[in-house]
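In case you want the letters, here they are:
There are 2 protein chains.
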Amino acid sequence: MRNVKVAGIGLLRVKEYWDRSIQDLFTEASLKAIKDSGVESIDKVYVSNMGAALMQDQLNTAALMSDALGKPGLPATRVEAGSASGGVAFHEAVQAVASGYSDAVLVTGVEKMSDILPDVVTTALAMAEEQEYTAYTGVTKTGIAAMIHRLYLDLYAKPEEVGMMAEKSHEHAVGCKHAQYPFKMSIERAMSSPMEADPIHMMECSGVGDGAAALVLVPADDAGVEVAGSAVATDYMSIAQRPDPMAMNAISKAANKAYQMAGITAKKVSLAEVHDDFTINGILGIEGLGLAKVGEGAKLVSSEEVDNGGKIPINTFGGLKARGNPLGATGIYQVAEVALQLRGEAGDHQVEGAKYGVTQNAGGMASICAVNVLRRAKK
Amino acid sequence: MRNVKVAGIGLLRVKEYWDRSIQDLFTEASLKAIKDSGVESIDKVYVSNMGAALMQDQLNTAALMSDALGKPGLPATRVEAGSASGGVAFHEAVQAVASGYSDAVLVTGVEKMSDILPDVVTTALAMAEEQEYTAYTGVTKTGIAAMIHRLYLDLYAKPEEVGMMAEKSHEHAVGCKHAQYPFKMSIERAMSSPMEADPIHMMECSGVGDGAAALVLVPADDAGVEVAGSAVATDYMSIAQRPDPMAMNAISKAANKAYQMAGITAKKVSLAEVHDDFTINGILGIEGLGLAKVGEGAKLVSSEEVDNGGKIPINTFGGLKARGNPLGATGIYQVAEVALQLRGEAGDHQVEGAKYGVTQNAGGMASICAVNVLRRAKK
Numbered sequence: 000m001r002n003v004k005v006a007g008i009g010l011l012r013v014k015e016y017w018d019r020s021i022q023d024l025f026t027e028a029s030l031k032a033i034k035d036s037g038v039e040s041i042d043k044v045y046v047s048n049m050g051a052a053l054m055q056d057q058l059n060t061a062a063l064m065s066d067a068l069g070k071p072g073l074p075a076t077r078v079e080a081g082s083a084s085g086g087v088a089f090h091e092a093v094q095a096v097a098s099g100y101s102d103a104v105l106v107t108g109v110e111k112m113s114d115i116l117p118d119v120v121t122t123a124l125a126m127a128e129e130q131e132y133t134a135y136t137g138v139t140k141t142g143i144a145a146m147i148h149r150l151y152l153d154l155y156a157k158p159e160e161v162g163m164m165a166e167k168s169h170e171h172a173v174g175c176k177h178a179q180y181p182f183k184m185s186i187e188r189a190m191s192s193p194m195e196a197d198p199i200h201m202m203e204c205s206g207v208g209d210g211a212a213a214l215v216l217v218p219a220d221d222a223g224v225e226v227a228g229s230a231v232a233t234d235y236m237s238i239a240q241r242p243d244p245m246a247m248n249a250i251s252k253a254a255n256k257a258y259q260m261a262g263i264t265a266k267k268v269s270l271a272e273v274h275d276d277f278t279i280n281g282i283l284g285i286e287g288l289g290l291a292k293v294g295e296g297a298k299l300v301s302s303e304e305v306d307n308g309g310k311i312p313i314n315t316f317g318g319l320k321a322r323g324n325p326l327g328a329t330g331i332y333q334v335a336e337v338a339l340q341l342r343g344e345a346g347d348h349q350v351e352g353a354k355y356g357v358t359q360n361a362g363g364m365a366s367i368c369a370v371n372v373l374r375r376a377k378k
Numbered sequence: 000m001r002n003v004k005v006a007g008i009g010l011l012r013v014k015e016y017w018d019r020s021i022q023d024l025f026t027e028a029s030l031k032a033i034k035d036s037g038v039e040s041i042d043k044v045y046v047s048n049m050g051a052a053l054m055q056d057q058l059n060t061a062a063l064m065s066d067a068l069g070k071p072g073l074p075a076t077r078v079e080a081g082s083a084s085g086g087v088a089f090h091e092a093v094q095a096v097a098s099g100y101s102d103a104v105l106v107t108g109v110e111k112m113s114d115i116l117p118d119v120v121t122t123a124l125a126m127a128e129e130q131e132y133t134a135y136t137g138v139t140k141t142g143i144a145a146m147i148h149r150l151y152l153d154l155y156a157k158p159e160e161v162g163m164m165a166e167k168s169h170e171h172a173v174g175c176k177h178a179q180y181p182f183k184m185s186i187e188r189a190m191s192s193p194m195e196a197d198p199i200h201m202m203e204c205s206g207v208g209d210g211a212a213a214l215v216l217v218p219a220d221d222a223g224v225e226v227a228g229s230a231v232a233t234d235y236m237s238i239a240q241r242p243d244p245m246a247m248n249a250i251s252k253a254a255n256k257a258y259q260m261a262g263i264t265a266k267k268v269s270l271a272e273v274h275d276d277f278t279i280n281g282i283l284g285i286e287g288l289g290l291a292k293v294g295e296g297a298k299l300v301s302s303e304e305v306d307n308g309g310k311i312p313i314n315t316f317g318g319l320k321a322r323g324n325p326l327g328a329t330g331i332y333q334v335a336e337v338a339l340q341l342r343g344e345a346g347d348h349q350v351e352g353a354k355y356g357v358t359q360n361a362g363g364m365a366s367i368c369a370v371n372v373l374r375r376a377k378k
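Going down the list, the protein sequences come from chains D and X.
Residue numbers for the first sequence follow numbering that gives the first Met the number 0, beginning at 0 and rising by one.
Residue numbers for the second sequence follow numbering that gives the first Met the number 0, beginning at 0 and rising by one.
Certain hints may be false.
Any copy will do: because identical chains look the same in the list, a pair fits if it lies in one copy or spans two.
[Said to hold, decoys possible] Lysine-lysine pairs mimicking DSS-like chemistry, simulated, CA-CA at most 30 Å apart: (1) Lys256 - Lys14; (2) Lys70 - Lys354; (3) Lys31 - Lys183; (4) Lys267 - Lys310; (5) Lys176 - Lys256; (6) Lys34 - Lys298; (7) Lys377 - Lys70; (8) Lys292 - Lys310.
Just so you know, the hints here were simulated from the structure itself, not pulled from any lab data.
When you get a sec, could you build the whole thing from the sequences and use the hints?
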């Protein structure tokens, strides 16, 4: 198996692009990553997208995007895994290089949601749950998260401690050029915002946004940023089927496998990007990654340990809440952000001396999760 | 790079399953393949599906299907590439084993279309074209194929010669237990059927059907059926953008690369399964694979050379026209059929002495194409 490195990074700011097509977003991020990589020509394209079938009435996006990029002819694949599409697509792209089938792979996540009716977006999110058992009954993804959030409050933490996930993500987004909401938002503001689904306040939810993020992967050469571990795991679709509805086994399984590949434990992780589409999910991500014990994630997030300079900086560019959550692109943003950190190119967000960074990207109520571990190479 | 073999095959008959869910179809085919493989446990699941987002209101099918299979926890991925989803998913699954990331991969294609309104199916097919440039203007996939078909008739062949693709596929399906339409259909019947889009008659089009096909892939061991070559290529989405609208470059590019990996030329191919969703597309598939010169595919199909016992048997179980075309499952059916041939388990359909078999699976108007070459191992 060949080792793999991240050679190029291309990010668009997450925002509302009313004047751009989904192809435009894909192409701009991809060209940035290719230019950044210095690679003369890519030989494969992975497209990560969750909802174009609903939101753009578009399938076959692998061919569409390769064409838009001016590269008709290249091998191409579209990967979809709900809002874990990006992390899973990255995992597949790593395998393409690891296997020797490809030498320079572009993996780009893209999603365009702003110009779509809100109920279509809600429908798309619900489609990551089992349609006939869960989604059709009318419970939204927010509703499911709310049940888990309530249980967490009953067992482990105060509402403000969970809500701190949102304050911290916003605090870390300040000054981030690719963040949708690069400004502070206090826990008081979050707790006084309207209820989306009790106990989840509006300001504990990630928003709707458009974005594209791209990476170029090549064989490793002991320099730059290496892929140390990459794993995907699944779980029962419905939380009602799980032996313990609070146990996000897909997260912990993927994390354990990725750490094992990297030859590390959670203690060696320098920074993490977790999937905080809702505050509770960010907390469970932190716990699933082993960065806090079960039930202690909210307390960790309420401390300075997750800030830049702390023991374990989390969501260093704002996470899903403040950088933004363009579904199929989100997992690629996460890996790109960790790669920027390990390159030492994170600017005001730089975590000094970062060696290992981890990303956690979940789909459905963590019925699928990708965990990717990056490492700063020796040189 | 590790070599890969096909260890298990599971096929459902393509038909209308009004009493079964898409999970049921997936699970039954998958369990058949796992049982057939003798593998104790699989360690990764690939789901190939084109249209569940429209037809079942379902995304995140990788997690859904792993759960339905009784394997929550496994790494899983969904691949979509229009009606080439199956061939592309197979290609990705091969890389998972080749890279060493997985040792026993299940790749299952599934599609359920019968219980969906016909206009939704037509919409789904059109979504494999560029929505804003082609599909929105109102031209259907059949309409696009009709333009190419007309051009082919102007340049190369008589309508009956192209239509023979349908007669031959039906002839080869007789006795096939997994075929949707296992009966003969004469060229006269095809030519007297109503026009779908002039010059394409109804009986030159593949039908609507439900199905699932599954394969288990493991590292090769010089026995059984090996993956000799596997390649994917893309093309301009719109035929109007292509330098020559008749040149299906994605097919020929993928074929050339797959042959090169296999160390063969088209002359060494013992049998082929081509993507005859329309008769013209089957002909262009034959030409793209290099089994006939450009403009001579229709004449080849009109000869006995494509029959069992002929020089190059084509669509030995009935192809898309007669075995059936359950979109995301189709490419997996093709590979499974070639594998059955190379195992010597094709029953009345057996091509004696078959050593190399090739599959050609296209999405859109061949804006993406997967070509997979299988080889009978030495032992």
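For Lys267 vs Lys310, is the C-alpha pair at or below 30 Å within one copy, between two copies, both, or neither?
-> within (11 Å within a copy, 62 Å between copies)
At most 30 Å between C-alpha atoms: does Lys176 with Lys256 qualify within a copy, between copies, both, or neither?
-> neither (33 Å within a copy, 42 Å between copies)
Same-copy or cross-copy closeness of Lys256 to Lys14 [CA-CA at most 30 Å] | So Lys256 and Lys14 fail the 30 Å test inside a copy (34 Å) and across (40 Å) alike.
Within, between, both or neither, where Lys377 and Lys70 count as close if Cα-Cα is 30 Å or less = neither (34 Å within a copy, 39 Å between copies)
Is it within, between, both or neither when you check Lys31 against Lys183 at 30 Å Cα-Cα?
-> Within one copy only: 28 Å inside, 55 Å across.
Alpha-carbon proximity between Lys34 and Lys298, which holds within one copy, between copies, both or neither at 30 Å | neither (42 Å within a copy, 48 Å between copies)
Within, between, both or neither, where Lys70 and Lys354 count as close if Cα-Cα is 30 Å or less | neither (35 Å within a copy, 35 Å between copies)
Checking Lys292 and Lys310: alpha-carbon separation at most 30 Å within a copy, between copies, both or neither?
-> Close inside one copy (15 Å), not across copies (66 Å); limit 30 Å.
In the structure shown, a violation is registered for the earlier hints numbered 1, 2, 5, 6, 7, in ascending order.
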